[in-house]
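**Q** Make a model of the complete structure from these sequences and hints.
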Amino acid sequence: MELSDDPELQPFLFGLFLSMYLGIMLGNLLIILAVSSDSHLHTPMYFFLSNLSLADIGFISTTVPKMIVDIQTHSRVISYEGCLTQMCIFIIFVCMDDMLLTVMAYDRFVAICHPLHYLVIMNSYLCRFFIFVSFFISLLDSQLHNLLVLQVTCFKDLEMSNFYCDPSQLLDLACSNTFTNNVVRKDAVASVVYTVVTPMLNPFIYSLRNSDVKRAMMGFLSKAT
1 MELSDDPELQ PFLFGLFLSM YLGIMLGNLL IILAVSSDSH LHTPMYFFLS
51 NLSLADIGFI STTVPKMIVD IQTHSRVISY EGCLTQMCIF IIFVCMDDML
101 LTVMAYDRFV AICHPLHYLV IMNSYLCRFF IFVSFFISLL DSQLHNLLVL
151 QVTCFKDLEM SNFYCDPSQL LDLACSNTFT NNVVRKDAVA SVVYTVVTPM
201 LNPFIYSLRN SDVKRAMMGF LSKAT
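Just so you know, my numbering puts 220 at position 220 of the sequence shown, and the rest follows in order with no gaps.
Mixed in with the good hints there might be a few duds.
Computed beta-carbon distance windows for the label pairs [claimed, not checked]:
1) V120 x P65: 40 to 46 Å
2) P115 x L201: 27 to 33 Å
3) D98 x K223: 32 to 38 Å
4) S79 x D212: 42 to 48 Å
5) Y106 x H40: 21 to 27 Å
6) H42 x L116: 17 to 23 Å
7) I205 x F132: 40 to 46 Å
In short, the hints are calculated from the structure, not lab data. Think of the CB as a built atom: it goes at the ideal place given N, C-alpha and C, for glycine as much as any other residue.
**A** Dropping the structure here:
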């Protein structure tokens, strides 16, 4: 479960992913704290944004800390139970991320097409209901993937060239007669882009470029200091 076998590259990868992980955590935590501390941001849009930041924190924390530890300890293994647990939690947060983006799109649709009835439609009860439904669907999706993988017994002694248990690759291994027990490293690189780069960009795309969020964040930081 390493991205590279080159020992000279390991310190660089360790520092790179540790700094990216800390940056993602800091950016998303600041968004959550800024939204919760500023009453002007207590609106459906920012409520969903703060939940998206929370989902991104869970998303990145499922995979990257394990990878950082593996790079530092030169470990390549994960237990069968650990892999299933990681995959289950990973799918929950991935699906939650997608569901929240869908809810945010609906929120913007209501704001643009029904501006006079926006606050009536997007009331606090509906917002909390959307979060509950998003989590429930994410949990259901995770369990369905888990049940599929549990039907296959050939994974217990499997080693993959990837830094986390990707359900799509596990199912590829189960469905292909010609797929070997070594997943090509280019898939691992694609996984890095998806699991690390995307959560790192989300705070900048959805929140940090917003003047209201930046103003609330500066106010929160000034109070903290």
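**Q** Note whether the CB distance of S79 and D212 lies within 42 to 48 Å or breaks it.
**A** Roughly 45 Å apart at Cβ, these two residues keep to the hinted range, so it holds.
**Q** Could you say whether the range 17 to 23 Å given as a hint is met by the Cβ separation of H42 and L116?
**A** holds (20 Å)
**Q** I want to verify a distance hint. Is the separation of the beta carbons of P115 and L201 within 27 to 33 Å?
**A** For L201 against P115, whose Cβ atoms are near 29 Å apart, the range 27 to 33 Å holds.
**Q** Given the hint of 40 to 46 Å, is the C-beta distance from V120 to P65 inside that range or not?
**A** holds (43 Å)
**Q** Does the Cβ distance between D98 and K223 fall inside 32 to 38 Å?
**A** The hinted range 32 to 38 Å holds for D98 and K223, with Cβ atoms some 34 Å apart.
**Q** Between the beta carbons of I205 and F132, is the distance compatible with 40 to 46 Å?
**A** This hint is violated: roughly 26 Å between Cβ atoms.
**Q** If I claimed the Cβ atoms of Y106 and H40 lie 21 to 27 Å apart, would that claim hold in this structure?
**A** The hinted range 21 to 27 Å holds for Y106 and H40, with Cβ atoms some 22 Å apart.
Hint compliance for this structure: hint 7 is the single one not met.
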